[in-house]
Every structure is written in C-alpha cells, then in structure tokens.
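2 protein chains.
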Amino acid sequence: MATNSHINPNIKRKKEALNVEQLFNELQSGQVSALSRAITLVESKASGDSAFAKAVLQQALPYSGTSFRLGITGVPGVGKSTFIESLGRQLIARGKKVAVLAIDPSSNISRGSILGDKTRMEELVKSDQAFIRPSPAGTTLGGVARKTREAIILCEAAGYDFIIVETVGVGQSETAVHSMTDFFLLLKLAGAGDDLQGIKRGIMEMADAIIINKADGNNQIAAKHACREFKNAVHLMPDKDHGWPTQVLTCSGLNNVGIKEVIEEIENYTAHSKANKSFIKKRHIQELYWFHQTVEDAITSNFYNRQEVISKLAVLEKEVLSKKKSPFDAASELLGLWSFKK
Amino acid sequence: MATNSHINPNIKRKKEALNVEQLFNELQSGQVSALSRAITLVESKASGDSAFAKAVLQQALPYSGTSFRLGITGVPGVGKSTFIESLGRQLIARGKKVAVLAIDPSSNISRGSILGDKTRMEELVKSDQAFIRPSPAGTTLGGVARKTREAIILCEAAGYDFIIVETVGVGQSETAVHSMTDFFLLLKLAGAGDDLQGIKRGIMEMADAIIINKADGNNQIAAKHACREFKNAVHLMPDKDHGWPTQVLTCSGLNNVGIKEVIEEIENYTAHSKANKSFIKKRHIQELYWFHQTVEDAITSNFYNRQEVISKLAVLEKEVLSKKKSPFDAASELLGLWSFKK
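Residue numbers (our numbering), protein chains in the order written: chain A, 82 to 423; chain B, 82 to 423.
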C-alpha cells in the first residue's frame, strides 16, 4: 500500500484507463472471464475497486436494457435449478444467450444456498451460451440487490439477451427481484405444504405466471388440482395495471414437459406489453424506483446510523411507549437537532 | 397583531398556561365544546396555535389509549353512515361513549364527502354519548392522518371509549386508518360493482372483518352469495400474524339487522387479542410506526423540497432514463452534495 503512493498518479490513472477499456472490450466481445471479473469488481468491497467498477459500468450502460429479464421465485425444494436448467436449454436451442443470476440476502449464512450447487444445472453450466453466477455475499438486501442489478447491466453488455434472476424469497427479496425484471414467475409445488394456504403475502399480486412444478409421476393429479385451485384464486384477484392476467400452468422441469408452454406465455406477455407500451413504462418506473430508493435509503441510513441519533432514538422510543411524548412530538424533537446542509 | 407585541410576555404566557389548563379540564369533564375546540387547535395551520395544541395534547396523552379503536372503510354508496349510525346506537345502548372521526385526504376538493352530511346519522348526532367530527382539511394524507390520530388522543382523554375512524379509501388512506386502529372493518355491497373482482389490492389482508351491507329486501340472496364468495377468498388468504381469521358477515344497517353480531365479533377479537397479547403488541408497533414514519417523511421531504435538489433531481432523472448514468451513480451524485449536520 505504502509504495503505491510513490507511483506517478498520471501513470497510474493511465494504466487504470487502459484496464477499464481492455476489460470492457473483452467483456463485450463475449469473453466469459472478463464478464466474471467485471461482476467481481462490482461485488468487491475493496475501496480501490469501486472507481474501477463504476467506470466499467459506465461503459456498459449504453449497451444495457436489451435483454428480457425474467424473475423466478419459489421455496427451496420446488425444483428451481432443474426448472432453470430445462428452461435455459430450450432458450439456447432457440438461439438465446442465457445468464442466470441470484438474489439471496441470507447467502452469508447458508453460503451458496441457491445456484451454489451448479451441478444441478449440468448442461447449462457446460454451454458456452449460458452464464451462471451465484448470489453475491452481503448482509443487507439493498446491497445484494444493487450488485445483482448492476450484474444485469454487465451481462446485457456482454450480449446475454435472456437474464434469469432467481430468489428463494427471503425477506423482501421477491420485491427486489420483481422490481428489476420484466416478468415475474412463481414456482410452486402441488401439496407438500407449498399450496395456496401457505402462500406469502403479496406474492400472488406480483406474479405474472404461477407454474406448478414437478407435475410428473404420481404427482400429476395433485398438480392438476393445485393448478385449478390457483386459477380460481387468480380469478378472484384484481386486475393488474398492465392488463396481463396471471397465467397458471403445470410443468415438469425434470421431464422437460410444459417448459415450451412457459416460454410461449413469456412471448405472449412480451408481445402484449410491448404493444400496449407497458413494457417500456415498467422499465422506466423500475429505473426511477432504484434511483429514488437509493436516495431515500442513503438519506435515512445516513441519519439513523449517527451515534447521537441512535442514543436519542432509544430514549424517545421509550418516551413514546410510556406516553410521555406523542410520536409526532418525539419525531420533531429528533429532527430539530439536525438538518441537511450543503 | 402589532398591539399584541406590546403585551408583557409574562402575562401572555401565564394567560396561555391558564387557558391550556382550563381547556383540558373542560375537555376531561366531558364538555363537547372543549373537545371540539381542542381538535380545531390540532387542525389549525395558524402558527400561534401549534404550541397551544401541543400543550393540550401533552396533557391528554397520559389519559389516552384506553378506548377501542375501530377502522371502517368502504366505497361511497356502501352505506357507511347508516351502518355507523346503527352500530353507534347499539354501542351507546351498551353503555359506550362513541366518537366518530374520518380520514379523507380528498376532502379539500369534495369538501365534506364523508361525515359532512351528519343528517345521515340523525340519532347519533343528537345523542350526548356520541361525538362526530368530519375529516380535517388537508392536501397530504400524512397531514390529515396525523390530525386524526391526535384527535383520537383527545377523544380518549374526553372519555370516549369507542372510537370509529372512517375512510373512503382514497390513495393510501386505508393503510393510514389500519395503522391507527385495533380492528379494521371492510364494508362491502353485494353486486353493484363492489364485489370481489373490484377489491383494492392489499385490502383483504388488512381486514379483520368483511361485512356485506344492505343485506335487506331483494338484496338478501345476492348478499348471501357475496358472503359465500368472500368466505372462500378469505379461506385462500394466508393467516395473519395475530392469528385472527378474517370474519365475513352480512348485515343491514338500515334495518338494524346483523349489527349485534358485528359487535360480538369485535368483542371476540378483543378477548382473543388481549389474551395472546397481540392487542398491546399491535398498539406498540403502531406507536413506533408513527414515530419512525414521521421522522422518515420529514427527512426525505426536507431533502426533496429544497429548490437545488428539485432542479438537480430533474436533470438526473433524465440522465437515468437515457442511460447516461445508472440509478446508483445518479443517487450518489445527488447525495454527495448534501449531508446532515447538527
């Protein structure tokens, strides 16, 4: 570290500029190792890497936005890897380049709980038309989501035209995936506790399609029953803003049955949403969402993370609960102490 | 105004202190005019009134929290006033003192759209055990909600032990009412476009009870049918945190039929939630929600309302949508310009 400070800063800057240029050219020409390195830079916590990562992203940005972005969620055991393997292979057969990313804020603990075990996607891993990347490490969903969102940009600049973002639905991770994808797919199991009763709040409203997986062998009758039940439930839900009724299908990722129909539904959706302009509208809303969300998160965390605020907050919370102060008085007392300054 | 500045400030302060004391004593002794004046103070935008309002609230705070707080929502025409009239009368017959407040952020335009026409609650208006107050004027939901929440505190200090907060469900007003009440009741009509298909997002999950109103005359069969449909839909919903399954009932506010059963359900809920401590837990969550919400709203509006930020934001939003900058870069550029200072 100490020796670096003696290097002529102009030389150093020139070297970095060269590297950014070189890395980006390699990435854009389809070199998987360059894409991997660029994503590693984006994920890096080392302070020196952040300017570099930003420069690469800046170069990638004009080439991004061209892919179809598919979000997939489902509980562990629902067969996500097998489904993605099967879906990915069919997409590649149709001439697509497929990237598979993941959001799992719990991955620090359960390290590699999703996409970590790449052996489950045997063929996809071997294909030179597929790129698979496990969830970045991170403690906060915001951080993990941001890195995944930036990885999407890099993958698109590298020519991947079908991006799959997977999550296991820890905390708010489904909302994060939903807000960075064009189509949100909920994978379900018939019976096995993963039925309609156990569905997470709000998830039905986010889903553009619900796919009952493992509709094979003895499970076929149960899958058909679950399909009917979900169709009824979906029918009871209010219409979405973009006017696309949530589709319910069954499939078997294992036997490669029903995957073609899923792709057709995605194609139908794309045609529908591009025709009524809801596709681009949704993208714009997502861009501004991430912009505002980042601003608001930073403002509030900047405020809440100050030691003085933390101490004061604890005192005020007690006073609110013991009715010494109203929530509004406590808030204005807290805010009276600080203000935004340039 | 000019003459006021010549008054000895000590005398003036003493006079105000006396007034606060006097107003609060009158309020607490059950004088309706004092309660009305106190709420008017809370609603006032005149800068001189705010210290006075705060002082009265401060006195009221230790006596608050003792009532049952019932939230009611439903589209215009669902019969809210008639339902509240019927419910209020039965509650008074059971020895309750009933206050009816309203949240309607649109009331600036449609001035008095709810509770304004008090003639619909003929008997309740005449009863000395009931207090009815239309929605405060205001342009933002936050402001209107805050005033209503403070009015609850004043009503409780004045001895009202059953507070009804009504809304027509404009924007996020249902969420606001839900977060300041113990029990949230959704009033529906059979047929007439107010059926399951047209239900607003998220509202089913907030409701502790769904009441099909106007189950009278020719409408009884349709009401029973809607009741069955809602029961099915509720059955498909996930369980709530507090373990209370959403109840579905029919009633006729007009004919006073089924209201007793609604009161019984509220009593069942109270017993259930007090036994498993979810009642007090919910109250505490609500107190801290209002505290944190107020802090965060103030921080972000403090930031977003600055002329410099407004100009910069508009430029950055364009750059994000034209892919010149990523949402994250745009955010850090905006935030780099300002910080919180003491």
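Everything labelled a hint here was simulated from the structure, so no lab data went into it. Hints are not guaranteed to be accurate.
Identical copies go unnamed one by one, so any copy, or any two together, can satisfy a pair.
[As the list claims (entries may be wrong)] No farther apart than 20 Å at their CA atoms in a straight line, the calculated lysine to aspartate or glutamate pairs in the EDC-like style are these:
#: 1; residue 1: LYS178; residue 2: GLU400
#: 2; residue 1: LYS207; residue 2: GLU400
#: 3; residue 1: LYS178; residue 2: ASP242
#: 4; residue 1: LYS393; residue 2: GLU204
#: 5; residue 1: LYS321; residue 2: GLU286
#: 6; residue 1: LYS404; residue 2: GLU348
#: 7; residue 1: LYS355; residue 2: GLU204
#: 8; residue 1: LYS355; residue 2: GLU414
#: 9; residue 1: LYS399; residue 2: GLU368
#: 10; residue 1: LYS358; residue 2: GLU414
#: 11; residue 1: LYS312; residue 2: GLU414
#: 12; residue 1: LYS362; residue 2: GLU204
Just so you know, these numbers come straight off a predicted model, no measurement behind them.
Failing hints, ascending? 1, 2, 4, 6, 7, 8, 10, 11 and 12
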